[in-house]
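First residue of the first sequence: 0, per numbering that gives the first Met the number 0; consecutive thereafter.
No wet-lab data here; the hints were simulated from the structure. None of these values were measured; they are calculated from a predicted model. Every residue, glycine too, gets a C-beta built ideally from N, C-alpha and C. Be aware that a few hints might be false.
Unchecked claim - Pairwise CB distance ranges, derived in the manner of DEER restraints:
1. 427 to 19: 38 to 48 angstroms
2. 262 to 103: 44 to 54 angstroms
3. 359 to 331: 21 to 31 angstroms
4. 359 to 158: 38 to 48 angstroms
5. 272 to 13: 35 to 45 angstroms
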Amino acid sequence: MDLTQIDRYEFRVERRGAMRVPGVVFASRALLSDAGQSLEQVRNVATLPGIVEASYAMPDVHWGYGFPIGGVAATDPAQGGVVSPGGVGFDISCGVRLLAADLTAQELAPVLGRLMDALDPAVPRGMTRGGVWTPHDRDELRRILTDGSRHALERGHGEQRDLDRCEDGGAVDGADPGQVGERALERGLHQVGSLGSGNHFLEVQRVAEVYDAPVATAFGLHPGQVCVMIHCGSRGLGHQICGDQVRRMEQTMRQYGIQVPDRQLACAPVDSPAGQDYLAAMAAAANYGRVNRHMLAEAARRVFAEVTGARLDLVYDISHNLAKLEEHEVDGVPRWLCVHRKGATRALPPGHPDLPPDLRATGQPVLIPGTMGTASYVLTGVPGGRAFHSTCHGAGRVQSRHQAARSVSGRQLRDRLEAQGIAVRPSSWRGLAEEHPGAYKDVAAVVEAGEGAGLCRSVARLVPLGVVKG
DNA sequence: ATGTCC
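All chains, please: the whole structure from these sequences, using the hints.
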């Protein structure tokens with residue numbers, strides 16, 4: 000691999016062959032050695048029609064479907080730029096919601112076990128069918144897809160701040176349920192308000208350290224405070240939409256005269272029927288994902304109110320699997336671009352017009368879910384942010400699920416975590432073992448590289464008190 | 001990630 004070190008946390012993948020732009024990897028040397036074959040995917044993405052600046056990789060980059068997870072690529076629709084479902088991922092709008100309690104960890108300690116026992120049955124997850132909210136009929140599901148959290152609020156779920164503190168005000172524009180296939184709708188009907196499995200979780204956390212007190216205060220966070228972090232996506236609906244759209248684009252690519260080095264990079268011009276239909280279906284899945292997290296938050300609120308009397312206020316909700324049409328300056332010239340972020344988080348800088356007014360001065364909250372035994376981070380966007388204002392999204396796997404499950408048993412892991420004072424409510428022993436902390440990169444090293452590369456700034460570190468595992 | 005293969 001032709002890698003040139005530009006800076007301590009920046010490497011360039013030199014242009015060659017069909018690459019239209021270079022690759023840029025933001026990582027330390029140690030993290031780079033974990034990136035493995037995913038750098039070949041960074042190269043492949045650089046060949047996409049209309050790609051601008053570079054094919055970027057975040058510090059937690061690893062192998063994914065077509066695009067690497069931890070990849071950022073922007074294309075210019077005016078220059079034949081494409082949109083690719085593989086650049087968003089199968090779990091469309093997978094993301095993180097963080098809520099802050101008016102409660103300290105010290106106050107929670109005596110009732111933590113009772114709280115976890117109450118959350119356990121209140122959070123649907125794993126293989127079981129059903130979510131916390133079954134839409135009345137398909138028309139109501141379509142309203143969820145079109146209006147996202149705005150519809151949930153209209154139906155009496157949640158509060159105004161849940162929209163104000165959610166990316167895009169709780170709903171992405173341009174969603175068209177007409178582009179969502181029959182099977183996707185069927186799968187979506189019974190999963191609103193459910194975690195799923197894999198690395199998805201609902202955690203009760205403690206603010207262990209604050210690195211930037213004024214920004215933390217603006218976000219609504221202070222040391223010792225109890226928080227709830229929810230990490231999940233758009234479940235079977237998003238998965239079905241991605242699969243349906245990839246299949247269609249494999250067909251249409253030929254008629255648009257597009258050639259890609261990997262068929263998993265199936266794509267279509269943004270300004271084509273196939274491209275526009277994908278974006279409309281993707282937006283519908285994005286709204287489903289927000290409502291999913293919105294409803295799980297409501298379930299957590301109810302349990303917290305019953306057991307502790309505490310309130311849960313939304314800090315922020317942000318997706319790390321999404322494509323968006325955004326304005327960015329390229330060589331000093333503003334252009335509208337289709338920015339793919341897959342396992343990468345938007346990180347708007349202070350002063351950005353898309354921020355809610357009360358966060359305008361501080362920058363956008365960036366939520367980084369860690370692994371069970373370690374920590375999660377709250378970051379913020381910085382002026383002059385790189386990679387179209389993007390940063391990392393999590394720790395990133397280093398062990399396969401199979402390897403992980405072989406290295407520890409679920410019961411052993413539960414005992415180990417409980418000995419550390421972390422209460423665990425798994426949905427399956429196998430699923431728990433697959434997610435043991437050693438299966439992931441060191442999230443602290445990922446955050447350090449992101450900050451060192453000028454992608455973001457640390458605001459707070461959160462540590463788990465209790466884990467409800469998907 | 002995913003009713004881990006329609």
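We went through each hint and held it up to the structure:
Between residue 427 and residue 19 the beta carbons are some 45 angstroms apart, a value that agrees with the proposed interval 38 to 48 angstroms. Restraint check, residue 262 to residue 103: a C-beta distance of roughly 53 angstroms satisfies the suggested window 44 to 54 angstroms. Evaluation of the 21 to 31 angstroms hint for residue 359 and residue 331 yields a pass: the beta carbon distance comes to about 24 angstroms. Against the hinted window of 38 to 48 angstroms, the Cβ-Cβ separation of residue 359 and residue 158 comes to about 21 angstroms, which falls outside the hint.
At about 36 angstroms, the CB distance of residue 272 to residue 13 agrees with the hint of 35 to 45 angstroms.
Going down the numbered hints, you'll see the structure goes against just number 4.
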